[in-house]
Amino acid sequence: NAGVTQTPKFQVLKTGQSMTLQCAQDMNHEYMSWYRQDPGMGLRLIHYSVGAGITDQGEVPNGYNVSRSTTEDFPLRLLSAAPSQTSVYFCASSYYIPGNTEAFFGQGTRLTVV
Amino acid sequence: KNEVEQSPQNLTAQEGEFITINCSYSVGISALHWLQQHPGGGIVSLFMLSSGKKKHGRLIATINIQEKHSSLHITASHPRDSAVYICAVSKLSNTGNQFYFGTGTSLTVIP
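One line per chain: the protein sequences are X and U, in this order. Counting from -2, one number per residue, gives the positions in the first sequence under my numbering. Counting from 528, one number per residue, gives the positions in the second sequence under my numbering.
If you are wondering where the hints come from, they were derived from the structure by calculation, not from laboratory data. Hints are supplied without guarantee of correctness; some may be wrong.
Said to hold, decoys possible - Here are the computed distance ranges between Cβ atoms for each label pair: (1) U:I637 x X:T12: 34 to 44 angstroms; (2) X:L76 x U:N549: 32 to 42 angstroms; (3) X:S77 x U:S577: 37 to 47 angstroms; (4) U:S577 x X:N25: 14 to 24 angstroms; (5) U:I592 x X:E56: 24 to 34 angstroms; (6) X:M38 x U:G568: 10 to 20 angstroms; (7) X:I51 x U:E544: 46 to 56 angstroms; (8) U:I592 x X:V9: 42 to 52 angstroms; (9) U:A603 x X:S66: 43 to 53 angstroms; (10) U:N591 x X:S77: 42 to 52 angstroms; (11) U:L619 x X:K11: 38 to 48 angstroms.
Unchecked claim - Below, in silico cross-link-like pairs of lysine to aspartate or glutamate (EDC-like), each with a Cα-Cα straight-line distance of 16 angstroms or less: (12) U:K618 x U:E530; (13) U:K595 x U:E532; (14) U:K580 x U:E594; (15) U:K618 x X:E99; (16) U:K581 x X:E99; (17) U:K618 x X:E27; (18) U:K595 x U:E530.
Unchecked claim - Far from chain X, by Cβ distances over 10 angstroms, these chain U residues were calculated: (19) A540; (20) E542; (21) G584; (22) Q593; (23) K595; (24) H600; (25) H605.
In this text, all values refer to a predicted model and were calculated from it rather than measured experimentally. Where a beta carbon is used, it is the ideal one built from N, C-alpha and C, also for glycine.
Generate coordinates for the entire structure from the input sequences, incorporating the hints supplied.
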């Protein structure tokens, strides 16, 4: 059981380049989300999904796109990278049953935009 | 205003000390979570609480729903406990299972 697999672990981009951060989970969770983590700030929600074919914006969605074609995969696309997108990105999946919920995180992607 | 406030932001302790990290939240929640993040590492879940108290080894987490407050205690702290501890709350709505995160408490335990 791999949990949440996030790739790549590290990436350097030039301003204006595009890329996709991959996220896959094998726990059949409905809920998946992307966060960015910046110094002095809590994790901030970029986009999330409540199931295949359903996505919505979080707190800081500008400059990012997502899609959810399958339950397992939730890629995050940077359309035209900017230095302000330098951050550590985490993908998470979670489940909810009454009285119990837990989030599982990927290992993170450290992205630098130069 | 952040929905989740943690204190202290930074904490240095001598090995063996009893440590407390506090968390207050302002939204209605389904559950409260304590997470651990080692430097350069991923995030792992330590506890999920919806009421009362839980204990795993030297770690104890409590929650007071009425006061919207939780504490994470570490007994007999050890250098390997050095990490960032993050308080998060989850709230189920018709738009998904939303998580709100505190900014974390950076703990350093000195041998």
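Subject >> Hints the structure fails to honour >> reply: Hints that this structure does not satisfy do not exist here, as all of them hold.
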